[in-house]
Amino acid sequence: MSFQSLSFLAFFPIVLAACLTAGRKSRRAGLVLLNLASLTFYVWGFRAHASAGLAVLLAGAAVSLLAGRLLLSERSERVRRRVLTAGVCWHAAVLLIFKYTGFFSGGALSIGWAPLGLSFFTFQQIWFLKRLYTREFCPDRLDPWELCAYAFFFPTVASGPILKPESFFPQLSDGRFLHPDWQDIAAGLYAIMAGTVKKVLVADSFGTVVNNGWARLADLSAPAAWLVILGYTLQLYFDFSGYCDIAAGLARMLGLRLPVNFDSPYRSLSIGEFWKRWHITLTDFLRECLYFPLGGSRRGSVRTYCNIFIIFLISGFWHGAGWTFLLWGGLHGLFQVIERVWGKGRDRLPGIVRWAITFALVNAAWVFFRAPGIGEAFRLLGAAVAGGLAKPEKWLLSGLFTSEVSAVKMLLPVLAPWCNILLLGGLYGAGLLAALLPGNTIRRMDSFRPAFWRGAALAVLFVWSVLSFTGITSFIYSNF
Amino acid sequence: MSNRAYRRWALGLLAGTAGLLLLCAAFVWAVDPCFYYHGIGKLGAVFFNERYQDAGLAKNTDADTVIVGTSLTANYRVSHVERVFGGTAVKLTIPDGYLSEFDAALGVEWRYHDPSRVIFGLDTNILIRDESEKTGAMPDYLYNANPLDDTKYLLNKDTIYYGVYRLMANRWGTTQDPDEAYTWDGTVWWNHTTALDNYDRPAPSASQLPADAYLGNVRSNLAVVERWITAHPDTEFDIFFPPYSILYWDKQAREGNLDAVFSALDTAFDALLRYDNVRLFYFPADEGIVTNLDNYCDYIHHSGAVCDELLRMISAGEERVTAENAKKTLADWRDFVVNYDYDKYWTDTFWWAWDYTSHPVR
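For the record, the sequence lines run as chains A and B. Here the first sequence is numbered in the working numbering, starting from 2 and rising by one per residue. Here the second sequence is numbered in the working numbering, starting from 689 and rising by one per residue.
Simulated from the structure, these hints should not be mistaken for laboratory data. Predicted, not measured: the structure shown is a model, and the values here were computed from it. Certain hints may be false.
Derived lysine-lysine pairs resembling DSBU-like cross-links, with alpha carbons at most 30 Å apart [unchecked claim]:
| # | chain 1 | residue 1 | chain 2 | residue 2 |
| --- | --- | --- | --- | --- |
| 1 | B | Lys822 | A | Lys395 |
| 2 | B | Lys747 | B | Lys730 |
| 3 | B | Lys840 | A | Lys410 |
| 4 | B | Lys840 | B | Lys747 |
| 5 | A | Lys277 | A | Lys165 |
| 6 | A | Lys277 | A | Lys131 |
| 7 | A | Lys410 | A | Lys395 |
| 8 | B | Lys1032 | B | Lys1016 |
| 9 | A | Lys410 | B | Lys730 |
Incomplete in silico selection of chain A near chain B, CB under 7 Å [unchecked claim]:
| # | residue |
| --- | --- |
| 10 | Trp183 |
| 11 | Gln184 |
| 12 | Pro451 |
| 13 | Ala460 |
| 14 | Thr471 |
For every residue, glycine included, the Cβ atom is placed at its ideal position computed from N, Cα and C.
From just these sequences and the hints, can you work out the full model?
If you want it as structure tokens, here you go:
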């Protein structure tokens, strides 16, 4: 069950009503119900290997609980260090076994599946243990139900954000937990609807163009290749940012606040800044749990550059077990090293130039993130440079808002010749504006003011998104 | 800003959203482009996608005879079926369909009705195909018995579009005759030149596919058909193999598939001839039809005129395969296709002969 499904639209109101009703009588009863809902969501949403996947993550949560209790009660630093090491090794080993044995064994030992959200779960659990070890998070006791909520909270279980323990656990004892006021409800609805629109109408539409382009790499002219590259840059942003908005909105309606995970990353003037704005919780985790332990920037320039490079290689590998992801991470590490070497000379460049360089590099690197292989990535980049200036073919837009375009052609035939241009201009124009201009949705939730026009626009766009959940799969029989 | 203002806004947003969704659902329910709730009804029909409309046709047509099959069955007219067999009929075709898809369509039919006859066009291609390669084109929510997931039909921008399209077609007078639903024989030139143009003759293969190559798929697919037959002992199943053109056999011979195809057919004959409520017809062995390429538009699809002739033969029990003649039918046909002179279609003699017979000198 994904957030963009009619079943989730039925699931969430029921869960919300049940949890809030139970939470008013007893915070603990509400917490237990929330956990049951989260486990149901997990099993329902991850049908293949659901029980096994849940068992693996429950075992991981049990390890965290045991290790966490030892870290809280044990006074010997030596023992605490061993407990931390054992806990981290467990989580890292599970991640390696499920997601990377195939890569390291050349496919010979691949398990073929991994528990839903394992990468996020692993980093979050490691962060939890690390913070307990350093006593930056030091609760009086560890409650299994609270730990279960931290590990399986349904808005975040599949794709984060990666939660710092002290940003989550204290909220469970806070008066707002399961007691949202109407401002929370309104802001939550706003985020859920805005996130759904981002994901369904924007990200998936860019996805259609991108998939068409990748399916016919050899036929791409330079303008078409750039549309594919830029389309994927925007698709990825709206996809993940939309998810985070929905997750934050769902959490807010349950009386919980999630950290900001995206902060207009495509406005960045450097790659370093990009990583302070893109998937912020991952960057925080990597900086705190890997970069600093490696020595950070305290051991000279060369060591700093090596540490940056290592961090981004690991980041790339975390995103996926493949050479393309490693190359993507390596490129981001390399770009940041170059920025540091360039130093203040780069800062003296006009802002628009720095922005353009950063945006171009981010775009180029995403090509490797999306590519099925390194060769294909270079073919797309090659087409972008030397593909000729022919205008993009119609097939690039095949499947994009098919019903909407057909309806326009039927009801307003005068617009028919302009449909593709309007579609392309509208999608990319709106996408770029929405990625570059408005502020972060989660921040806007805090300063949210209800307005009629906002509600009307949200209702119409959200209904359009809901109607797009289930489409008639185009099936063109052309075998004769 | 007061809590009350947020409350008013949130509740207003929820009410507005729910109202719009209800409006959309009500529109789809009323116009019903897939005939799911009201059948074809009083509004003129537009036929746009068999997989989306078969469920409604099966559910809402109380038919005595059901004709089921792939695109090879699309050019049958319901009126003709009714004329030949009497009573009422419904056509459930699924282009490039899989057995599980036909199973879903007939499942809806049997959930709501009890037809006395099922005419099933069992293509050889369906018989041997691997179910795991099925696409996700079938809207399962229209075929299952769960009314809750019908929301996927009601809240669906594509069905809204087709709803508007149906209304506009009624306004413009461009609706379709239900008897012509999904037929496409009027859009193609049935001629040997079309057939040969649309046939990519493969290079001869040096190796032969083993005789048991398709048997796993065949047994799985036949299990579905046999389940229908045993679950509905009072229904007569007229199962026929549509007559692919002789070019199909050229293709199989050149690709080295003959052993595997004949083994699949033999297995099907053995399985289906065990039931009293089955009449089996093997039309690919009708030399008159399959060697006359003017009946075809490619190497398998035949014209509507051939459909009419096949219906007549089914009704009359001609070309029927029985336990007694099954082995001989296949053996004779194998002998025929192995020794057939396919190369003649690519010689000048064939073209001159065609020119002469088609345009005789006066």
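Comparing the hints with the structure gives:
Between the alpha carbons of Lys822/B and Lys395/A the distance comes to roughly 28 Å, so the proposed pair stays at or under 30 Å and holds. Note on Lys747/B and Lys730/B: the hinted pairing holds, with a Cα-Cα distance of about 17 Å set against a maximum of 30 Å. A C-alpha spacing of about 25 Å is found between Lys840/B and Lys410/A, which places the hinted pair at or below 30 Å, so the restraint holds. Proposed proximity of Lys840/B and Lys747/B is supported: the alpha carbons are some 17 Å apart, at most 30 Å.
At most 30 Å may separate the alpha-carbon atoms for a hinted pair to count; Lys277/A and Lys165/A meet this at roughly 16 Å. Between Lys277/A and Lys131/A the alpha-carbon distance is near 22 Å, which keeps this suggested pair within the 30 Å criterion. Between Lys410/A and Lys395/A the CA atoms are separated by roughly 16 Å; this keeps the pair inside 30 Å, and the hint holds. Restraint check: the Cα-Cα separation between Lys1032/B and Lys1016/B comes to about 27 Å, which is no more than 30 Å; the hinted pair holds.
For the given pair, Lys410/A sits about 26 Å from Lys730/B by alpha-carbon distance, which is consistent with the 30 Å threshold. Interface hint status for Trp183/A: upheld, as the beta-carbon distance to the closest one in chain B is roughly 4 Å, under 7 Å. Proximity of Gln184/A to chain B holds as hinted, the smallest CB-CB distance being about 5 Å (cut-off 7 Å). Checking Pro451/A against chain B: minimum C-beta separation of about 3 Å stays under 7 Å; hint holds.
Taking 7 Å as the C-beta contact cut-off toward chain B, the hint placing Ala460/A at the interface holds, the least distance being around 4 Å. Because the beta carbon of Thr471/A sits about 4 Å from the nearest beta carbon in chain B, less than 7 Å, this interface hint is met.
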